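K.L.:
Keeping their order, the protein sequence lines are chains Z, G, W and E. Just so it is clear: in the first sequence, position 257 is 257 by our numbering, and no numbers are missing. Just so it is clear: in the second sequence, position 40 is 40 by our numbering, and no numbers are missing. Just so it is clear: in the third sequence, position 285 is 285 by our numbering, and no numbers are missing. Just so it is clear: in the fourth sequence, position 163 is 163 by our numbering, and no numbers are missing.
I should point out that these hints are in silico values taken from the structure, not numbers from a laboratory. Treat the hints with care, since some could be wrong.
Given that identical chains are not distinguished, each listed pair holds provided it fits within a single copy or across any two copies.
[Stated by the list, open to error] Distance condition first, Cα-Cα at most 25 Å in a straight line; then the derived DMTMM-like pairs of lysine to aspartate or glutamate:
id, residue 1, residue 2
1, 4, 343
2, 324, 225
3, 269, 21
4, 4, 311
5, 24, 303
6, 269, 232
7, 140, 327
8, 147, 346
9, 140, 26
10, 147, 26
11, 24, 350
12, 147, 244
13, 269, 288
14, 324, 26
15, 147, 225
16, 324, 175
17, 269, 303
Since the structure is predicted, the reported quantities are computational estimates derived from the model, not experimental observations.
Below are the chains, spelled out letter by letter.
4 protein chains.
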Amino acid sequence: MPIKAAVMTGPEQAIELWQLDDPKLEPGSILLETVASEVCGTDVHIYHGRLAGVPYPIIPGHISVGRVLETRGVEADSMGTPLAPGDLVTFYDVHETCHACYFCTVAGQPNRCPSRRVYGITYSAHDGPLGGWAERIYLKPGVQTLKLPEPLTADDVIGGGCGLFTGFAAVERSDLGMGDTVLVQGTGPVGLSAIAFSALRGAATVVTIGDPAARLELASAFGADVTMSLSDVPPDERDTMIRDLTNGRGVDVALECAGNPAAIPEGFKLLRDGGTYVIAGHYTDVGEATINPHIDINRKHADVRGRWGLDFSHCYRALRLLAKHHDMLPFARVIGGRYSLDEAGEALADVEALAVTKAIIAPSPR
Amino acid sequence: MPIKAAVMTGPEQAIELWQLDDPKLEPGSILLETVASEVCGTDVHIYHGRLAGVPYPIIPGHISVGRVLETRGVEADSMGTPLAPGDLVTFYDVHETCHACYFCTVAGQPNRCPSRRVYGITYSAHDGPLGGWAERIYLKPGVQTLKLPEPLTADDVIGGGCGLFTGFAAVERSDLGMGDTVLVQGTGPVGLSAIAFSALRGAATVVTIGDPAARLELASAFGADVTMSLSDVPPDERDTMIRDLTNGRGVDVALECAGNPAAIPEGFKLLRDGGTYVIAGHYTDVGEATINPHIDINRKHADVRGRWGLDFSHCYRALRLLAKHHDMLPFARVIGGRYSLDEAGEALADVEALAVTKAIIAPSPR
Amino acid sequence: MPIKAAVMTGPEQAIELWQLDDPKLEPGSILLETVASEVCGTDVHIYHGRLAGVPYPIIPGHISVGRVLETRGVEADSMGTPLAPGDLVTFYDVHETCHACYFCTVAGQPNRCPSRRVYGITYSAHDGPLGGWAERIYLKPGVQTLKLPEPLTADDVIGGGCGLFTGFAAVERSDLGMGDTVLVQGTGPVGLSAIAFSALRGAATVVTIGDPAARLELASAFGADVTMSLSDVPPDERDTMIRDLTNGRGVDVALECAGNPAAIPEGFKLLRDGGTYVIAGHYTDVGEATINPHIDINRKHADVRGRWGLDFSHCYRALRLLAKHHDMLPFARVIGGRYSLDEAGEALADVEALAVTKAIIAPSPR
Amino acid sequence: MPIKAAVMTGPEQAIELWQLDDPKLEPGSILLETVASEVCGTDVHIYHGRLAGVPYPIIPGHISVGRVLETRGVEADSMGTPLAPGDLVTFYDVHETCHACYFCTVAGQPNRCPSRRVYGITYSAHDGPLGGWAERIYLKPGVQTLKLPEPLTADDVIGGGCGLFTGFAAVERSDLGMGDTVLVQGTGPVGLSAIAFSALRGAATVVTIGDPAARLELASAFGADVTMSLSDVPPDERDTMIRDLTNGRGVDVALECAGNPAAIPEGFKLLRDGGTYVIAGHYTDVGEATINPHIDINRKHADVRGRWGLDFSHCYRALRLLAKHHDMLPFARVIGGRYSLDEAGEALADVEALAVTKAIIAPSPR
């Protein structure tokens, strides 16, 4: 039976519905029935042709949850948990990392490995159903999988999507200390996740600056102790509020999840001397920022850390905590719209217009 | 017998020679006969009034070496090495750190403690001989001291001066790995020290960009494997040379010791993905720099670290290595001029004009 | 008005009630009315003369909470929070650390500084009310203080006592990762605290081995997901349970809070390859343990970390979290008995007999 | 042309000479002419059947240097350096690590990956020339290779053998600080390498305890500042010498490279409070050691770290430094005997009898 897929045929071209052949399963592979995939900000950038090296036509959707239809000799997920048809799984979109080159070995930066391939981004639609905007997804041998732990549903995971894991990775990268005061800049999916995991990591106070009001409410639900509207609270007042919270010192840790260069100078300003600033929201080039090396970094003895991409460990660890603290991490509430494959273009437009925080593509019933 | 001191009476005022009363020694104090003090870049900034909170008139000179004249109940240096009159000692210019406030305790950043006082910078000349541009220096109780280990002389230490310790601290802050390729930006005292300690820390290749030719020769003597002239080698060629050295990847670690905002974008550009960039040369505000958060930090997964001030441990550790690798660290060669107290103003002018790499004030015979 | 104090006059001597003179307040000092102090395991060891260098007679009680009676020029606690008579404060029992010696500076181990003094342990009763088993406590200038944050009471803090901070420090020392499985050995005050802070730090599963049943119930209340009775569940079954929980691998992190050498081999056995084992319960010499360097450390690529004493930062951070997660950290429930100064000897006997988990000395009404 | 190989047919069976078929080269593979392989302590253990899971008959020899005979589509080594027939290369004996399991991903411990295979240890001689005691070695696709950097020869590398990399890894694992005092226990290949890299890493003083005299002389040549004979200097004197060197404190870092349980208690004793102790010499179970958890770990606030196996990065980094500091690392001098394939049994016996520090198997001319 052919597989229906929503295909991005080229920059700023209409999304087309294609019929793909069913893949021939290799040993070690898995075929999933797609339950939910996501539309993330990167998909909007790809749509506008802002990412280099994308082999259009592609099937977007890098983070997805599917139901196991069939496996070829695979009896457990990558962590050793038994896997059977019918089980819900998610998978790590990055694979074919070489584990032999300078970046993989000496630098410890597999995310910069030139061999890596990414579901939903670096595969042509001619290569098969290798993206989540399709009725079925073919997991090649070696793709790392995770059975969803109880009581998680597809919505719990895809409501966060790659933002869930990116926010987690930003918190891990910060090495925040128990009892710290943390500022999260941005209240999109990455920011909401960063808020939640900052709180679960032991921050005593989590402050966020974002917009609009609906997202600030979500921020509170995810664990923000203080929320400030970017548009309603002027920068001076934001500064005053942070000083009041910290005996004048600034925050211990700031997490940039805004993707706006204007956030950078404010982040430096609100950071205390000796604090840590993680830049995790700039997944595309949206322009430059001006810093003062003396004031912002040298005299401040600052630690500034970029966080590019994820490791599989982030997926594993994040889902373990999501399962444990299910009630405190209502990612399903972040879902603003549920779209069929036919509506993928509309979903993309809604995400770009910020009409929804998270749009999900749901080719099959939950 | 009164103490002759060279006093900076105010911003851009002529240096005056004063006669100070001999201090009354408190229990736990030490009186030194000054053998050598330094004129460092910070002194030039203080002369121009660019440092906030300086209580003019002051006796400059924060890093100095002296001969013990007299002690009050002090029988060993801070590390437990016996101390007697006639011994050469250096001391840590920062003291009265409170060890109780937020910065001292929770943040682990005693260099941001509001109580700290600094010899040669935060004391008025009316407070006594609390700076190195004087015939004698009074070490208050609690000032941390180090007897110079064999075979070090005052020139070995003051030839590096505070740059010696700052360069050391920059290397330590970088966590450079054995076998790494390191770029040092700048070949002043901080840069030369960073070159030397990068090599002693286990870098496989140390590259430097600096000027003028005489300093590049010193850089080679201190362990640089490759030197590039800032003025003669255009930026494109510098980039090409770094790419050739690193299979196209960029350096593992970059150490900014230049104090020029223009160095910042070049440092980011020459850094490999996942590399570490220490900003250690911006001890004064000399302007802003433009960065691209996506390209320079986020996608690069960069680690950017400011380094403000020193710990006493840096002094101890640096002198241990200086004594061991005495021949490989010819800091005495960095001394471009030796000035009496009467010539302090001239020394300051020569340092500002870059006529000498390191000027020393030598009130007493070696 | 004289100060009543319970004094330990010598090893295995009856506790006496003394009357002490009211101290003369120096600038920077604070006088507290003691609300609650603790009887901890160390006090039992001191009572039996097992700690070297104790200057009997002493007033025990190193962690205490008091109400500010009077201050001399002190307007804020050490973190900058305003302080006034009537406020409840706790303080860091260690002080007079020199911040200049090898251990304080180069080694970064102020807890090994030879100059440090400790309230309730290293002061003679002749020195004044410098321990918590007294109606009032004199805080010398420089003692670090913390105003209890809302809504904490003395019971919330002293119900944990020094175990609260020691457990916190053990968790911090472990660098446990979000989503980890953690084993806590021991369910006394240190173990309960380690359980609670492991959960608040982001552990996905916290397992504990301890006794008796009442403490295992407390362990569950503090966040343990799985509890095993040391006496009822034989070692083989404990091993099986841990293997079942971890796909056969063992725990990511083990925290020894048992103070029994028999716990050490079991901790190594239950630790996964590459895991981290913190030894935090051996505050006194209770005998040796046998390990296999090949199996337990080298082949396991283990990380084994001792944790001696506390930093003030642990107190600050722990109280911040205690205030935030007040309901999840019911330390007040750990209090098994409340004793007046007259009953201090009885309190000591009850702690030694394990008749109570935590005994508090309450010289004044709450 | 058939390949001659020395085969260990079973525990304590005579080494046999076999003739193997020339392998059929797969895409991505390399065929080497063996220049030198090693006999290491592990080979002795394998000979006695002390390693679990060895599929006798095997061709021993895990670390080797060969000359490239032929490649299938391989134009560069794993770091991107061009590779051509005639070049000398070494390779990382471990491969087929899965990079997907819990140990590879979440735990960051690929050395505990159940899928890993090791040249010279986990392959049957029936699988082909997959060990260094053979005229030629077949490098399967994906085996990580390093072209020897100028001016290194096979002897420079195999004179250290796996001890060279293990010693390097032990130093890296210790995080030793610049200016530290380091104790290396053991003066076999691992110990000598640890001495050399401790010095190159920036230790100020390197002390070693070992035997016999010839090895202590090598230790000095490799950078030991102080050597003590295990048999001639009694433990009390060793303790006194260490105390004298460290103002009574003990060493900052101890590296166990002795493989003898008796070294463990001495290592703990000689370590300063807050020091780091790396256990890197216990590659086989040679018995238990007794420690005191209170004195050795808890009160000492010790950091004890096992180091199991290597990463490829250690090989790359070590060779970079070996090439740079060629004269200071005379590993070729460690070679005590050079044996043909026919003499492999004799080589094994000499290593076991400690008649040579390092025996090399040289099937082909240098």
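K.L.:
Next, verify each hint and record whether it holds.
P.N.:
Each hint, compared with the structure:
{"no.": "1", "hint": "4 to 343", "result": "within (13 Å within a copy, 67 Å between copies)"}
{"no.": "2", "hint": "324 to 225", "result": "both (21 Å within a copy, 10 Å between copies)"}
{"no.": "3", "hint": "269 to 21", "result": "neither (55 Å within a copy, 45 Å between copies)"}
{"no.": "4", "hint": "4 to 311", "result": "neither (30 Å within a copy, 44 Å between copies)"}
{"no.": "5", "hint": "24 to 303", "result": "neither (49 Å within a copy, 44 Å between copies)"}
{"no.": "6", "hint": "269 to 232", "result": "within (19 Å within a copy, 37 Å between copies)"}
{"no.": "7", "hint": "140 to 327", "result": "neither (34 Å within a copy, 47 Å between copies)"}
{"no.": "8", "hint": "147 to 346", "result": "neither (30 Å within a copy, 54 Å between copies)"}
{"no.": "9", "hint": "140 to 26", "result": "both (7 Å within a copy, 22 Å between copies)"}
{"no.": "10", "hint": "147 to 26", "result": "within (20 Å within a copy, 36 Å between copies)"}
{"no.": "11", "hint": "24 to 350", "result": "neither (35 Å within a copy, 57 Å between copies)"}
{"no.": "12", "hint": "147 to 244", "result": "between (45 Å within a copy, 17 Å between copies)"}
{"no.": "13", "hint": "269 to 288", "result": "both (17 Å within a copy, 14 Å between copies)"}
{"no.": "14", "hint": "324 to 26", "result": "neither (35 Å within a copy, 48 Å between copies)"}
{"no.": "15", "hint": "147 to 225", "result": "between (33 Å within a copy, 21 Å between copies)"}
{"no.": "16", "hint": "324 to 175", "result": "both (21 Å within a copy, 20 Å between copies)"}
{"no.": "17", "hint": "269 to 303", "result": "both (13 Å within a copy, 19 Å between copies)"}
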